[in-house]
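Asker: Please put together the full structure from these sequences, using the hints given.
In terms of the working numbering, the numbers along the sequence shown are unbroken and rise by one, the last being 93.
Some hints here could point you the wrong way.
As the list claims (entries may be wrong) - Estimated spans, in silico, between C-beta atoms of each pair:
hint, residue 1, residue 2, range
1, Ile57, Ser89, 29 to 39 angstroms
2, Cys91, Lys54, 37 to 47 angstroms
3, His92, Val65, 25 to 35 angstroms
Read the hints as simulated data drawn from the structure, not as lab findings.
Just so we're clear, the structure is a prediction, and the values are computed from it rather than from any experiment.
Beta carbons are placed, not taken as given, at the ideal position from N, Cα and C, and that holds for glycine.
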Amino acid sequence: MKANIHPEYKLTVAKCACGNEFEVGSTKENIRVEICSKCHP
53 MKANIHPEYK LTVAKCACGN EFEVGSTKEN IRVEICSKCH P
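Answerer: Next comes the structure, spelled out in structure tokens:
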């Protein structure tokens, strides 16, 4: 595998429109979703 070409994988907080927040692993800093397992019927 080539060195220094892959984005850093880190823990980040995903925020739902309902206000629920949960920690996930991602290469992105901020994640916002419209529907999560808490507010989905």
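Asker: Run every hint past the structure and note whether it holds.
Answerer: Cross-check of the supplied hints:
1. Ile57 to Ser89: 29 to 39 angstroms: holds (34 angstroms)
2. Cys91 to Lys54: 37 to 47 angstroms: Holds, at about 41 angstroms.
3. His92 to Val65: 25 to 35 angstroms: violated (19 angstroms)
Checked against the numbered hints given earlier, this structure breaks only hint 3.
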